[in-house]
Amino acid sequence: MLHPGAWWIWALGMATAASRTTNLVLLALILAVVALVVAARRGSAPWARGFKYYLYLALIIIAVRVVFRVLLDAGAGTTELFTLPELPLPEAAAGIRIGGLVTAEAVVSAVREGLRLATLIICIGAANVLANPKRLLASVPPALHEVAVAVTVALSVAPQLVVSAQRVNRARRLRGDVGRRTHVLRDIVVPVATDALDRSLMLAAAMDSRGHGRARAVSVATNRAITLSVVVGLGCLCVGTYASLDATLGWALAAPMLGAGLALSGVGLVLSGRRVDITRYRPDPWSWPETAVATCGVLVAGAVFWLAGNDPAAINPSPSQLGWPTAPAIAMCAVLLGALPAVLAPRLPETALPAGRLAHP
Amino acid sequence: MNGSGTGPGVGAISFRDVTITYDGSDTPTLSGVDLEIPEGELCVVVGSTGSGKSTLLGAINGLVPHFTGGTLAGEVVVGGRHTSDHQPRDLADVVGVVGQDPLAGFVTDVVEDELAYSMEQLGVPADAMRKRVEEMLDLLGLAELRSRALADLSGGQQQRVAIGAALTAQPRILVLDEPTSALDPTAAEEVLAAVTRLVHDLGMTVVMAEHRLERVVQYADMAVTIEPVGPLPAGGVRTVRAGGVAERLAHSELAPPVMQLGRVAGWAEPVLSVREARRAAGDLRERLAGVAPGGPTAPAPETFTGAGTGVDTPGTNGSGVDGPGVNRPAVNLEASGIVVTHGVRGEVVAVSDVDLCLAPGRVHALMGRNGSGKSSLLWALQGSGSRRAGSVALGGVDPGGLSPGDARRLVTLVPQSPTDLLYLTSVGAECRRADSESGADPGTTAAWLEHLVGPVPPESNPRDLSEGQRLALAVAVQLAPDPAVVLLDEPTRGLDHLAKERLGATLTDLAGRGRVVLVATHDVEFVAQWAHDVVLMAEGEVIACGPAGEVIAASAAFAPQVAKVMYPQPWLTVSQVAEALGRGGRR
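Just so you know, the sequences run in chain order C and X.
Anchor point for the first sequence: position 286 equals 286 in my numbering, and the numbering is continuous, going up by one each time.
Anchor point for the second sequence: position 28 equals 28 in my numbering, and the numbering is continuous, going up by one each time.
Simulated from the structure, these hints should not be mistaken for lab results.
For every residue, glycine included, the Cβ atom is placed at its ideal position computed from N, Cα and C.
Accuracy of the hints is not assured; some may be wrong.
Unchecked claim - Partial pick of chain C residues on the chain X-facing surface, computed with a CB cut under 10 Å:
no., residue
1, VAL149
2, LEU174
3, VAL190
4, PRO191
5, ASP195
6, ARG282
Hey, can you work out the whole structure from these sequences and the hints?
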């Protein structure tokens with residue numbers, strides 16, 4: 001089983017590459033590569049099953065973007081497609097236009113933007129499907145342990161709510177409630193929320209009884225050092241970020257500030273980790289398959305960035321460029337590099353359900 | 001194993017003059033508790049529902065009052081530590097706790113990670129963790145389940161994983177809150193065997209709350225009963241008394257059937273297990289040889305055309321005023337070829353080609369291990385559950401084809417978790433709504449509720465009621481439309497002795513008025529006492545169907561204690577034996 005961090009680095013690399021380009025061919029290729037890796041290396045565990053919902057979400061995003069563009073601001077460009085009736089608006093809304101002329105350039109531009117956003121979402125979805133989020137949360141530094149546990153518990157709540165809602169719906173049929181006007185809040189939300197609250201209290205009691213939340217005593221000096229380093233580090237990070245975005249101050253101020261901020265925050269994180277006395281049972285090792293998968297993602301992102309600097313017209317075609325979409329061969333090869341994890345990552349063992357097991361009602 | 005004379009050890013529990021009062025309540029839940037549980041004892045906590053068992057168990061590891069709130073006066077010392085000074089998380093290496101619902105207490109997804117969770121929180125080094133996990137997997141028989149998802153395990157396996165997860169921190173004390181209530185008899189035996197191995201091989205102290213005493217009494221060393229302080233009505237202040245098992249249960253109605261049999265037959269020594277009872281029952285069997293046991297009385301079909309009452313009162317069996325919809329002809333429940341599947345492509349078969357014919361006027365019990373398809377069958381019979389094939393006819397009408405409102409007048413089902421049916425904020429509002437949606441007279445539901453469980457304040461929230469009261473409310477709601485067929489899915493889980501008696505009497509009354517009653521349950525003693533017929537299911541098929549005396553008397557897994565003691569004679573309950581002895585005992 002691959003360390004979840006490796007999958008996330010790969011997925012974020014592909015997402016970064018997708019965010020840098022609006023070329024339809026490249027975006028479609030990135031999508032195809034990601035889907036291929038998911039199909040090849042997705043396990044059969046429950047958390048790995050939701051990928052098709054990300055695909056639906058992506059389609060919805062593209063459709064919504066195109067519709068909004070057509071309705072609101074489709075006049076740029078020269079190739080006319082059709083004209084929608086225009087809605088008259090009051091004087092106050094002078095800059096907005098509803099309806100009117102629709103051009104091909106506007107539609108194609110909307111499709112490109114939508115596809116880019118959809119690809120980003122699918123990359124993140126692939127990371128969620130390939131890497132167990134709970135194991136990722138278990139890998140965080142000890143200082144963030146409590147936050148990670150809270151997020152882990154929250155992740156289990158959503159499927160529980162769905163199961164609870166199904167049970168409550170079935171019970172409502174028993175009371176003859178279906179078909180009449182449903183007070184959704186009273187009939188479904190209240191029992192489900194009460195059930196969720198009861199279960200979370202039971203879980204909290206169980207975790208407390210098993211030792212969750214023990215803190216090791218640390219000296220006063222260490223506590224002061226932690227507070228100081230975290231506060232000053234965050235301050236430096238703020239100043240450095242502002243300086244990097246501001247044109248006049250420039251990188252002379254930003255770089256050292258960012259460096260100092262990162263260093264101090266890191267020190268604070270390590271020191272506060274000493275307060276938490278948690279060990280890990282059989283942590284995932286990081287060995288060459290992890291490095292290889294992560295490197296693939298980083299290489300793809302780097303290649304697309306370099307090509308965007310060298311050949312901007314191909315990687316980010318201008319809206320007036322209609323005609324069949326093409327992409328330089330070298331860019332396509334770089335993106336195909338991202339498909340290597342389909343063979344580099346180890347195959348997951350099949351965890352089959354035992355034969356004849358019956359679902360709980 | 002005599003518990004006296006051993007000084008306080010690492011695994012000893014001691015309560016000194018403890019009084020526990022919850023916030024917002026002016027009377028204490030438990031008062032003046034003085035209790036010493038020596039190391040290495042298996043202690044059973046006995047008491048009716050809502051009497052404070054969970055409070056007592058929670059006080060052992062400090063959840064009461066650190067987690068639940070409230071005030072605890074007095075001293076609780078476990079393993080040498082005072083719970084007033086230590087939070088529950090600091091006592092995790094001394095006390096391990098397993099709650100009523102193990103699935104709700106699981107933090108991770110996989111068995112192995114769950115076993116390791118407690119050790120991770122305590123900072124145990126990695127190789128020690130690995131060693132302890134492997135030992136725990138072997139000790140509890142979980143070795144081939146190590147990488148399975150927790151939600152896929154059966155009830156007994158989940159319970160064992162929960163026990164293992166509490167034990168990897170190597171506590172000396174284990175606290176179990178009703179560990180076998182949701183389990184079928186075989187799985188319950190597995191869990192109890194694991195627990196007794198812990199006591200005998202590892203010398204752990206185990207404190208267990210259990211309603212179904214017949215399963216645990218033979219293994220227990222001491223019993224703690226929770227009793228009212230004085231002659232107060234139910235809901236008053238309670239205290240505890242501890243002692244040997246036989247001594248504490250000698251005159252209690254909560255005693256298991258073997259002990260009651262001993263009382264009835266006049267044995268000198270109290271017996272706790274089936275084996276002891278068989279040895280003592282030699283001449284009882286001789287006395288009763290050839291005597292036929294009377295069964296739970298099944299009224300003849302002619303007696304139920306007519307006088308059913310809309311408002312039921314105990315003692316007047318059907319002779320009250322005629323209520324609405326009362327001259328209902330008795331219907332047969334006929335089902336043939338029922339197939340129920342689950343899963344996206346229907347790959348898991350829950351019920352496989354089941355034929356049933358249930359006559360009115362009798363209480364039928366549906367038994368089988370967890371996962372044998374009982375719930376799926378009940379839902380399919382009610383009509384709301386999806387049915388892949390087969391037909392159901394209640395007096396010729398298929399409930400699946402009716403609207404839910406109409407189906408409700410024909411057949412109702414009380415589901416496994418009755419709180420799913422309740423969503424209003426007060427008992428009175430639920431009763432009024434049930435009356436209006438069933439077309440019954442106002443006050444019908446409230447009358448049923450009072451008959452089942454006594455007076456309940458109408459402004460109380462259903463979620464604040466005890467288990468037995470909540471179940472009674474759900475049953476009352478489902479009896480309001482006066483249906484011809486009543487189905488109940490595991491109603492006896494978490495009920496104490498008195499509540500089970502009342503439920504059994506209500507079911508018998510319903511059967512006597514011509515309804516078809518079908519109860520799915522694990523509780524063997526309940527079936528022996530109240531059911532006329534038993535249907536056994538396994539792997540989705542019906543494997544046996546017939547009168548209770550024939551089906552369960554000779555079964556290894558489902559026979560009640562009296563049947564095991566009196567084998568090969570067909571006695572099922574203590575009341576049958578008592579009645580036969582009263583009749584003279586001889587032909």
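Verification of the supplied hints:
About 8 Å separates the beta-carbon of C:VAL149 from the nearest beta-carbon of chain X, less than 10 Å, and the hint is met. The interface hint given for C:LEU174 holds, since its Cβ lies 6 Å from the closest Cβ of chain X, which is under the 10 Å cut-off. Checking C:VAL190 against chain X by beta carbon gives a least distance of about 5 Å; that is within 10 Å, so the hint holds. Here the hint on C:PRO191 is kept, as its CB sits about 5 Å from the closest CB of chain X, short of 10 Å.
Against a cut-off of 10 Å between C-beta atoms, the interface hint on C:ASP195 holds, since the closest Cβ of chain X lies about 8 Å away. For C:ARG282, the suggested interface contact is upheld, since its CB lies about 7 Å from the closest CB of chain X, less than 10 Å.
The earlier numbered hints are all upheld by this structure, with none contradicted.
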